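J.: Guided by the hints, dock chain B onto chain A, whose structure is given.
The listed protein sequences derive, respectively, from chains A and B.
Residues in the first sequence are numbered consecutively from 1, following this note's numbering.
Residues in the second sequence are numbered consecutively from 1, following this note's numbering.
Treat the hints as calculated values from the structure; they're not laboratory data.
Owing to the predicted nature of the structure, the values given are computational and were not obtained by experimental measurement.
Heads up, some of the hints might be wrong.
What the hints assert, rightly or not - Derived DMTMM-like pairs: lysine to aspartate or glutamate, alpha-carbon spacing no greater than 25 Å straight-line:
#1 18/A / 93/B
#2 18/A / 127/B
#3 18/A / 124/B
Unchecked claim - Chain B residues, not near chain A, derived (Cβ > 12 Å throughout):
#4 49
#5 75
#6 212
Said to hold, decoys possible - Non-contacting residues of chain A with respect to chain B, defined by C-beta distances greater than 10 Å in every case (computed):
#7 89
#8 95
#9 117
#10 146
#11 196
#12 201
#13 228
#14 256
Positions of the beta carbon are idealized from the N, C-alpha and C atoms, including for glycine.
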Amino acid sequence: MADRSVALWLLFRRSWLKVLRRPVTLTFSFAQPLVWMAFFGFLFQRFTDPRALGGQDYLSFVAPGVSLMTVLLGASQAGVPLVRDDQAGYLQRMLYSASSPALILGGKLLADASRLLLQSLVVLLLGALLGATLGLHPTALPLALVALLAFAVASSSLSCLVAALAREPESMGTYVHLVNMPLLFTSTALVPQRHMPQWLASIAALNPLSVVAEYWRAAWLGDPAPAASTLWIPVTLAMIGFATASWAVSRTLERP
Amino acid sequence: MLGLRELRYRYPGGSRALDGVELEVRGGQLCALVGANGSGKSTLLRLAALTLRPASGEVQLFGRTWSSARAVASRVAWIGQRAALDPTMTGTEHLRLQAALMGLDRRTSAARIAALADGLRLADAADRFVSTYSGGMRRRLHLALGLVHDPELLLLDEPTAGLDPDGQAAVWRFLAERAAGGCGLLVVTHDLPRAQAHADHVVFLEAGRVAGAGAPSRLAAEHGGELLAAYPALTGRDARDLLGRQPSRDAGAGRRRGRARG
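If we strip away everything but chain A, and leave its shape as in the complex, we get:
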């Protein structure tokens, strides 16, 4: 019997190949961030107080946030291929095997997280091309990567959980609209906390996307790095999300 790493690698590879063989979705995933930075980045430049942005211009401030937005939007779609596999019966084919549902989901989520990381870096590059002043701060990067990858796994897991429970693409559309916008606009990804009304600032402080945004900005803008103690939030969400999504995926095999 072979090591399970071969299966994990093939599942990882399968998810990547599916994206590369149909690159339209990947290509269009850069359109929204680009539009956001090109229009809102320059528009809000006039209305934002650089002192509230740590002395940066708004485009530089928002570029890391928009790259996180790309992660959020991409992760929320992670359940769509799972619904397709389920409807084709292929998910059941994979599950009726000696491998655990956690392994089958794990290979896919690793591919999703690595793709989302790459997408976020491309968006940062696009931001830099538009004029954002970004610089890598290596000391802050490791924690920022952990935060971003954990958030990507948590969000993708949630999407897969919804997919495995709902089992239809229409529900995925509803989920995407229901979760993304409130999560994005109650975070500090696009707006600094000091520009928010108090009630919104209180919500933003609890929003996991805000936590990740702080780490991500520390890595790319040199903002003061948040204490490592808040890292447990995205990491815990990733673990809970993965466990519950694995449970939901395993149930699809035995459902009437």
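T.: Below, chain B alone, put in the same frame as chain A:
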């Protein structure tokens, strides 16, 4: 290998699917499960594969009960009616992934994939995307995926549906070879002539109950030499019901209000 004892199952809506089914499949035996649409064949197969839990009764695999499908999946092939494939993958990618999920090492995996691709006439198309496959090729790849781990027991739901006559004959020969090699097979089929030619045992399922069972030669001898004549005599149905037309018996109306399966 497979023993079903007093098996009962109800669909989620409450209608009865199986009612006290008893069935046995031994190693080296090809058992054909025959019945009209809605008679409960696919449900029975899923219960045998442990992907459904019975309302009552027992499913024994290899002489014992099991807690989950995954616990026994490395010894069983459950091959459903639909060709469950990913059109964006090639045939080889499907087979490699399934072999890895079954825990086969690289060498064993490569040998099995080559043998199955040859045996099921897929070798020339193995590196093509499944989206370019014909219906028959998809069915054969679907079958190959279920067999890649060399299972001892095969549970197959209409494995020849959608195949041309040559393809059907090839698959039946392939299954008979598996039985000759010691595998146990439970094959859902509507094809009585093929069942008579290849099966060691035939079970007629009607309205969730076993309406008749035995060696095809014996059942045929008792009904004028043809298994096709035994089916209506034992089930009270017209043999043409097996071809998918509307069932002919009014008595079946009640059970057909439930979800159409099998």
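J.: May I ask which of the numbered hints given earlier this structure violates, with the numbers listed in increasing order?
T.: 4, 5, 7, 8 and 14
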